[in-house]
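Next come the chains, spelled out residue by residue.
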Amino acid sequence: EDKVVQSPLSLVVHEGDTVTLNCSYEVTNFRSLLWYKQEKKAPTFLFMLTSSGIEKKSGRLSSILDKKELFSFLKITATQTGDSAIYLCAPGGSNYKLTFGKGTLLTVNP
Amino acid sequence: DAGVIQSPRHEVTEMGQEVTLRCKPISGHDYLFWYRQTMMRGLELLIYFNNNVPIDDSGMPEDRFSAKMPNASFSTLKIQPSEPRDSAVYFCASSTGLHGYTFGSGTRLTVV
Numbered sequence: 001e002d003k004v005v006q007s008p009l010s011l012v013v014h015e016g017d018t019v020t021l022n023c024s025y026e027v028t029n030f031r032s033l034l035w036y037k038q039e040k041k042a043p044t045f046l047f048m049l050t051s052s053g054i055e056k057k058s059g060r061l062s063s064i065l066d067k068k069e070l071f072s073f074l075k076i077t078a079t080q081t082g083d084s085a086i087y088l089c090a091p092g093g094s095n096y097k098l099t100f101g102k103g104t105l106l107t108v109n110p
Numbered sequence: 001d002a003g004v005i006q007s008p009r010h011e012v013t014e015m016g017q018e019v020t021l022r023c024k025p026i027s028g029h030d031y032l033f034w035y036r037q038t039m040m041r042g043l044e045l046l047i048y049f050n051n052n053v054p055i056d057d058s059g060m061p062e063d064r065f066s067a068k069m070p071n072a073s074f075s076t077l078k079i080q081p082s083e084p085r086d087s088a089v090y091f092c093a094s095s096t097g098l099h100g101y102t103f104g105s106g107t108r109l110t111v112v
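Line by line, the protein sequences give chains A and B.
Heads up: the first sequence is residues 1 to 110, going by my numbering.
Heads up: the second sequence is residues 1 to 112, going by my numbering.
Keep in mind that the hints are not guaranteed to be accurate.
As the list claims (entries may be wrong) - What follows is a set of in silico ranges between Cβ atoms, one per label pair, in the way DEER data are often shown:
id: 1; chain 1: B; residue 1: Asn51; chain 2: A; residue 2: Pro8; range: 38 to 44 Å
id: 2; chain 1: B; residue 1: Pro8; chain 2: A; residue 2: Gly82; range: 26 to 32 Å
id: 3; chain 1: B; residue 1: Val112; chain 2: A; residue 2: Ser94; range: 25 to 31 Å
id: 4; chain 1: A; residue 1: Ser51; chain 2: B; residue 2: Thr110; range: 22 to 28 Å
id: 5; chain 1: A; residue 1: Ser58; chain 2: B; residue 2: Pro8; range: 30 to 36 Å
id: 6; chain 1: A; residue 1: Pro8; chain 2: B; residue 2: Asn52; range: 15 to 21 Å
id: 7; chain 1: B; residue 1: Asn71; chain 2: A; residue 2: Gly16; range: 37 to 43 Å
id: 8; chain 1: B; residue 1: Gly3; chain 2: A; residue 2: Ser52; range: 20 to 26 Å
id: 9; chain 1: A; residue 1: Gln80; chain 2: B; residue 2: Asn51; range: 41 to 47 Å
id: 10; chain 1: A; residue 1: Thr77; chain 2: B; residue 2: Thr20; range: 41 to 47 Å
id: 11; chain 1: B; residue 1: Thr76; chain 2: A; residue 2: Lys41; range: 37 to 43 Å
id: 12; chain 1: A; residue 1: Gly82; chain 2: B; residue 2: Glu44; range: 26 to 32 Å
id: 13; chain 1: A; residue 1: Ser94; chain 2: B; residue 2: Asn52; range: 40 to 46 Å
id: 14; chain 1: A; residue 1: Asp17; chain 2: B; residue 2: Phe74; range: 27 to 33 Å
Hints listed in this document are in silico derivations from the structure and should not be mistaken for laboratory results.
Built from N, CA and C at the ideal position, the CB exists for glycine as well.
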């Protein structure tokens, strides 16, 4: 059975702090790992990682995949209140289905 | 493109009633997924289709749940009879594989 463990489950920081969200996984026939941000509605896509060691960046967000250790992290620098959300990690296999972790609830206080 | 469209947005029903949730995927996407989200269990995959054919329904909790995809532009998830423990947000998502995995806005189901 595919497994995804995200840590921490929740995190409270102040604006300007840097945070790192972790994801470990066990997925049959792994292909890619996706990160999503979920505010009040549906999850929205952030990154798709396929290759180990290659950092993907989008503004203040970045992410790396380690396929040997079955691990990924999402880093947010200079956090803003608008970053408050649940961040979901979802590895996918050759069958194209995503298995989601329970997420990390990030709260950024002004 | 209007994205993945789900209806209704909210549904409140009494225990024992039949509930039907609807989804219109993005045109050209050949995969369609039904997920359920609760605080306790997070996002769980219920069933998914490829080219309108059900591929994996191992996540469907029990026989009260059924899903169909009669054509490429429409899918339904039915619960009959509904129970209070079915209360959750149900998401439909469509994709062309792992790329472009897009979620609908969800249906918040409350069974009283």
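*Quick one: which hint numbers does this structure break? Sort them smallest to largest.*
3, 4, 6, 7, 8, 11, 13, 14
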